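Asker: Below, each chain spelled out in residue letters.
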Amino acid sequence: MSLSTQDVEKVARLARLAMTSAEIETARTQLNGIFDLIAEMQAVDTRNVEPMSHSQDLTQRLREDNVTEANQREAFQAIAPQVEQGLYLVPKVIE
Amino acid sequence: MFESSLKQLGDALRAKKISSVELTQFYLDRIARLNPELNAYITLNPEMSLAQAKAADARLATGQADALTGIPIAQKDIFCAKGWLTTCGSKMLHNFVSPYDAHVITQFNQAGAVNLGKTNMDEFAMGSSNETSHFGPVKNPWDTARVPGGSSGGTAAAVAARLCAAATGTDTGGSIRQPAALCGISGLKPTYGVCSRYGMIAFASSLDQAGPMGRSAEDLALLMNVMAGFDERDSTSLQRDKEDYGRDLDKPLSGLRIGLPREFFAAGMGSDVARAVEDAITEYKKLGATIVDISLPNSKLSVPVYYVLAPAEASSNLSRFDGVRYGYRAPEYGDLTDMYEKSRAQGFGDEVKRRIMIGTYVLSHGYYDAYYIKAQRIRRLIAQDFVEAFKQCDVIMGPTSPSTAFKLGEKGDDPVQMYLSDIYTIAVNLAGLPGMSIPCGFGDNAMPVGLQIIGNYFDEARMLNVAHQYQRATDWHSRAPQGL
Numbered sequence: 007m008s009l010s011t012q013d014v015e016k017v018a019r020l021a022r023l024a025m026t027s028a029e030i031e032t033a034r035t036q037l038n039g040i041f042d043l044i045a046e047m048q049a050v051d052t053r054n055v056e057p058m059s060h061s062q063d064l065t066q067r068l069r070e071d072n073v074t075e076a077n078q079r080e081a082f083q084a085i086a087p088q089v090e091q092g093l094y095l096v097p098k099v100i101e
Numbered sequence: 010m011f012e013s014s015l016k017q018l019g020d021a022l023r024a025k026k027i028s029s030v031e032l033t034q035f036y037l038d039r040i041a042r043l044n045p046e047l048n049a050y051i052t053l054n055p056e057m058s059l060a061q062a063k064a065a066d067a068r069l070a071t072g073q074a075d076a077l078t079g080i081p082i083a084q085k086d087i088f089c090a091k092g093w094l095t096t097c098g099s100k101m102l103h104n105f106v107s108p109y110d111a112h113v114i115t116q117f118n119q120a121g122a123v124n125l126g127k128t129n130m131d132e133f134a135m136g137s138s139n140e141t142s143h144f145g146p147v148k149n150p151w152d153t154a155r156v157p158g159g160s161s162g163g164t165a166a167a168v169a170a171r172l173c174a175a176a177t178g179t180d181t182g183g184s185i186r187q188p189a190a191l192c193g194i195s196g197l198k199p200t201y202g203v204c205s206r207y208g209m210i211a212f213a214s215s216l217d218q219a220g221p222m223g224r225s226a227e228d229l230a231l232l233m234n235v236m237a238g239f240d241e242r243d244s245t246s247l248q249r250d251k252e253d254y255g256r257d258l259d260k261p262l263s264g265l266r267i268g269l270p271r272e273f274f275a276a277g278m279g280s281d282v283a284r285a286v287e288d289a290i291t292e293y294k295k296l297g298a299t300i301v302d303i304s305l306p307n308s309k310l311s312v313p314v315y316y317v318l319a320p321a322e323a324s325s326n327l328s329r330f331d332g333v334r335y336g337y338r339a340p341e342y343g344d345l346t347d348m349y350e351k352s353r354a355q356g357f358g359d360e361v362k363r364r365i366m367i368g369t370y371v372l373s374h375g376y377y378d379a380y381y382i383k384a385q386r387i388r389r390l391i392a393q394d395f396v397e398a399f400k401q402c403d404v405i406m407g408p409t410s411p412s413t414a415f416k417l418g419e420k421g422d423d424p425v426q427m428y429l430s431d432i433y434t435i436a437v438n439l440a441g442l443p444g445m446s447i448p449c450g451f452g453d454n455a456m457p458v459g460l461q462i463i464g465n466y467f468d469e470a471r472m473l474n475v476a477h478q479y480q481r482a483t484d485w486h487s488r489a490p491q492g493l
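Chains as they are written, first to last, in my numbering: chain S, 7 to 101; chain W, 10 to 493.
Only chain S is shown next, with the shape it has when bound in the complex (with noise of 0.2 Å):
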């Protein structure tokens, strides 16, 4: 497998990085090498073997439908890029 130039793009659009052309093409480089590496995996005979996404198998918890955490508004808000009156603030989204 070998990506593409539009791989690539697509793949960086979609994860929201700006990059350059040439970034494109060093970073088509650098992924071709790593899927060489993961192209290892399909020789395996994984026929009948159930995915595991954790050793133990657990399965999730829930819990009751309570306030557990306090209201830390302002604390959250010292820490943003930019806000006002309470709310973050963004390019505008609608016309």
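Since the hints were derived computationally from the structure, they do not count as laboratory data. Just so it is clear, the structure is predicted and the values come from calculations on it, not from any experiment. Ideal Cβ placement from N, Cα and C applies to all residues, glycine included. You may find that some hints are simply not true.
Unchecked claim - Anything over 12 Å on all C-beta distances counts as not near chain S; from chain W, calculated:
#, residue
1, Glu12
2, Ser14
3, Glu46
4, Thr52
5, Asn54
6, Thr115
7, Gly277
8, Asp302
9, Gln480
Stated by the list, open to error - In the SDA-like style, the derived pairs of lysine to any residue whose C-alpha atoms are separated by at most 25 Å in a straight line are:
#, chain 1, residue 1, chain 2, residue 2
10, S, Lys16, W, Tyr342
11, W, Lys400, S, Glu56
12, W, Lys251, W, Gln119
13, W, Lys420, W, Ala283
14, W, Lys416, S, Gln36
15, W, Lys420, W, Phe451
16, W, Lys100, S, Thr26
17, W, Lys351, S, Val89
18, W, Lys91, S, Ala81
19, S, Lys98, W, Tyr337
20, W, Lys16, W, Asp38
21, S, Lys16, W, Arg329
22, W, Lys420, W, Phe274
23, W, Lys100, S, Leu95
24, S, Lys16, W, Asn326
25, W, Lys351, S, Pro97
26, W, Lys416, W, Gly492
27, W, Lys420, W, Met278
28, S, Lys16, S, Gln48
29, W, Lys294, W, Ser263
30, W, Lys100, S, Glu15
31, W, Lys91, W, Met57
32, W, Lys400, S, Ser59
33, W, Lys351, S, Thr35
34, W, Lys400, W, Ala470
35, W, Lys16, W, Ala470
36, W, Lys251, W, Asn465
37, W, Lys351, S, Leu20
38, W, Lys100, S, Ile30
39, W, Lys416, W, Glu360
40, W, Lys91, S, Pro87
Guided by the hints, dock chain W onto chain S, whose structure is given.
Answerer: Frame of chain S, contents of chain W only:
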């Protein structure tokens, strides 16, 4: 003083032979002198450290002290600590003063330990050399032309250079064990789920695990007693009874069965590393252990599997960094998408971007089964190898890293070369097993070699016993770099 064990320091504090303020100031002075060259710490806050030390002294005066009360501990900069700059080694978080404490930090605070400072690390814990940190590389105290390993490289260098009594690390694919090996210290990655991930900035959530790094197994046991424990805020935290990780330290090793995986002793390991590891095995035989030949046939697949799973989880975890609620925002941008794209492009370093892209690709439409699910299936095969192996042995041993510390810049621009340096550690994370590294000698270039000890699930106390008995019989762990 800086050669004292945590137990000795605790005894001295409780006996009022030294105060926590004096001890903390002693370390802060050492850091001021030695850190400019090593770059092991990226954030210091003497005012906050000394305030904690004063509070610890007040607690010591009441006789209500715990084992670590008043002891200065360095924290990897991946742990959120309230009021502390918490950067995760990234420009993305260069201005992030955490509004809350990670569970591990809370545990240390409750124990009365002093937060001595935040240690340098590879950006978002992605790296094996500490060279991906936005704040510059850490130097190995044994040879400042060489890397300390990564990603917990700042912690490893700080412990090796005696710039703290002990410290914390995190390990997703070897990030505690490999730098411990390269800096000649001891480090333990517990069973997945033993230490809470709450407030520990996420890299790959199904693999990330916090653990202690220090100068001896005995010290690690005391740190584990503080760090481990159930936390309902981490959905994968395991509900288990509290245990004393030091309970078995003094047990003799007669009858211990050590499994040596054939695959770990095949081609790829440096001859100097092999020699040191074999000498350690010989020492274990003298201590009464027997050797069992075992096989981990799928372990060779752990690097490719890891470089699907870890980037996939990272690309998802790191999507939260968008320049809206905290962290870096680009100074100039057009619309909202442009703001996201520029903030992320400028805020993340090259290695982080690379892994986000791998992850985004393998999770994208049409590739999910071929990559992510395939990797999860092989992950089970890798874990099953260990289950089979532990039917024949009590612990598994081998090298931690194929070579000793390499030179800064040596691995160059080829990420794959860097990835392969974690070949012996990654399988342990994939299986969710506990693993540790302890110093076992020196290589050709007089750099430390690490012995890896892998235990069965929840067998940390036994591993610490196995390490402690070796450290009673040898003195590799008490060797220190020159010029300190």
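Asker: So, for every hint listed, does it hold in this structure?
Answerer: Verification of the supplied hints:
1. Remark: the non-interface label on Glu12(W) is consistent with the geometry, its nearest Cβ contact in chain S lying 38 Å away (cut-off 12 Å).
2. Consistency note on Ser14(W): stated as away from chain S, and its beta-carbon is indeed over 12 Å from all of that chain's, at 32 Å minimum.
3. Consistency note on Glu46(W): stated as away from chain S, and its beta-carbon is indeed over 12 Å from all of that chain's, at 32 Å minimum.
4. With a minimum CB-CB distance of about 15 Å to chain S, Thr52(W) clears the 12 Å threshold, and the non-interface call stands.
5. Interface exclusion of Asn54(W) from chain S stands, the closest Cβ pair being 16 Å apart, more than 12 Å.
6. The claim that Thr115(W) is not at the interface with chain S holds, since no C-beta of that chain comes within 12 Å of its own (minimum 14 Å).
7. Remark: the non-interface label on Gly277(W) is consistent with the geometry, its nearest Cβ contact in chain S lying 14 Å away (cut-off 12 Å).
8. No Cβ of chain S comes within 12 Å of the Cβ of Asp302(W); the nearest lies about 24 Å off, and the non-interface call holds.
9. Distance to chain S confirms Gln480(W) as a non-interface residue, since its nearest Cβ pair spans about 28 Å, more than 12 Å.
10. Annotation: proposed proximity of Lys16(S) to Tyr342(W) holds, straight-line Cα distance about 21 Å (limit 25 Å).
11. Pair hint Lys400(W) plus Glu56(S) holds up; C-alpha atoms about 22 Å apart against a cutoff of 25 Å.
12. Taking the CA atoms of Lys251(W) and Gln119(W), the gap is near 16 Å; set against the 25 Å cutoff, the hint holds.
13. With a C-alpha separation of about 21 Å, the suggested pairing of Lys420(W) with Ala283(W) holds against the 25 Å cut-off.
14. About 22 Å separates the Cα atoms of Lys416(W) and Gln36(S), which keeps this hinted pair within 25 Å; it holds.
15. Distance hint between Lys420(W) and Phe451(W) is fulfilled; the C-alpha atoms sit about 21 Å from each other, no more than 25 Å.
16. Of the supplied pair hints, the one linking Lys100(W) and Thr26(S) holds, its CA atoms being roughly 20 Å apart against a limit of 25 Å.
17. Pair hint Lys351(W) plus Val89(S) holds up; C-alpha atoms about 19 Å apart against a cutoff of 25 Å.
18. Between Lys91(W) and Ala81(S), the direct Cα distance comes to roughly 11 Å. Compliance with the 25 Å bound is thereby established for this hinted pair.
19. Note on Lys98(S) and Tyr337(W): the hinted pairing holds, with a Cα-Cα distance of about 19 Å set against a maximum of 25 Å.
20. For the hint linking Lys16(W) to Asp38(W), the alpha-carbon distance of about 22 Å falls within 25 Å, and the restraint holds.
21. Taken as a hint, the Lys16(S) and Arg329(W) pair is honoured in the structure, with Cα atoms around 20 Å apart against an allowance of 25 Å.
22. Taking the CA atoms of Lys420(W) and Phe274(W), the gap is near 23 Å; set against the 25 Å cutoff, the hint holds.
23. Annotation: proposed proximity of Lys100(W) to Leu95(S) holds, straight-line Cα distance about 21 Å (limit 25 Å).
24. The hinted pair formed by Lys16(S) and Asn326(W) meets the criterion: a straight-line CA distance of about 20 Å does not exceed 25 Å.
25. Under the criterion of a C-alpha separation no larger than 25 Å, the hint pairing Lys351(W) with Pro97(S) is consistent with the structure, at around 13 Å.
26. Between the alpha carbons of Lys416(W) and Gly492(W) the distance comes to roughly 20 Å, so the proposed pair stays at or under 25 Å and holds.
27. With a CA separation close to 16 Å, the supplied pair Lys420(W) and Met278(W) stays within the 25 Å bound.
28. Restraint check for Lys16(S) and Gln48(S): satisfied, since their Cα atoms lie roughly 24 Å apart, inside the 25 Å limit.
29. Straight-line distance between C-alpha atoms of Lys294(W) and Ser263(W) comes to about 9 Å, which keeps the hinted pair within the 25 Å bound.
30. The suggested pairing of Lys100(W) with Glu15(S) holds, with an alpha-carbon distance near 24 Å, which does not exceed 25 Å.
31. A threshold of 25 Å between alpha carbons decides the hint, and for Lys91(W) with Met57(W) the separation of about 11 Å falls inside it, so the pair holds.
32. Using a Cα cut-off of 25 Å, the hinted pair Lys400(W) and Ser59(S) holds, with the two alpha carbons roughly 23 Å apart.
33. Taking the CA atoms of Lys351(W) and Thr35(S), the gap is near 22 Å; set against the 25 Å cutoff, the hint holds.
34. About 19 Å separates the Cα atoms of Lys400(W) and Ala470(W), which keeps this hinted pair within 25 Å; it holds.
35. Using a Cα cut-off of 25 Å, the hinted pair Lys16(W) and Ala470(W) holds, with the two alpha carbons roughly 17 Å apart.
36. In summary, the hint linking Lys251(W) to Asn465(W) is supported, as the alpha carbons are separated by about 18 Å, within the 25 Å threshold.
37. Restraint check for Lys351(W) and Leu20(S): satisfied, since their Cα atoms lie roughly 13 Å apart, inside the 25 Å limit.
38. In summary, the hint linking Lys100(W) to Ile30(S) is supported, as the alpha carbons are separated by about 21 Å, within the 25 Å threshold.
39. As the CA atoms of Lys416(W) and Glu360(W) are separated by approximately 19 Å, the hinted pair is consistent with the 25 Å bound.
40. Between the alpha carbons of Lys91(W) and Pro87(S) the distance comes to roughly 19 Å, so the proposed pair stays at or under 25 Å and holds.
Hint violations for this structure: none, all hints satisfied.
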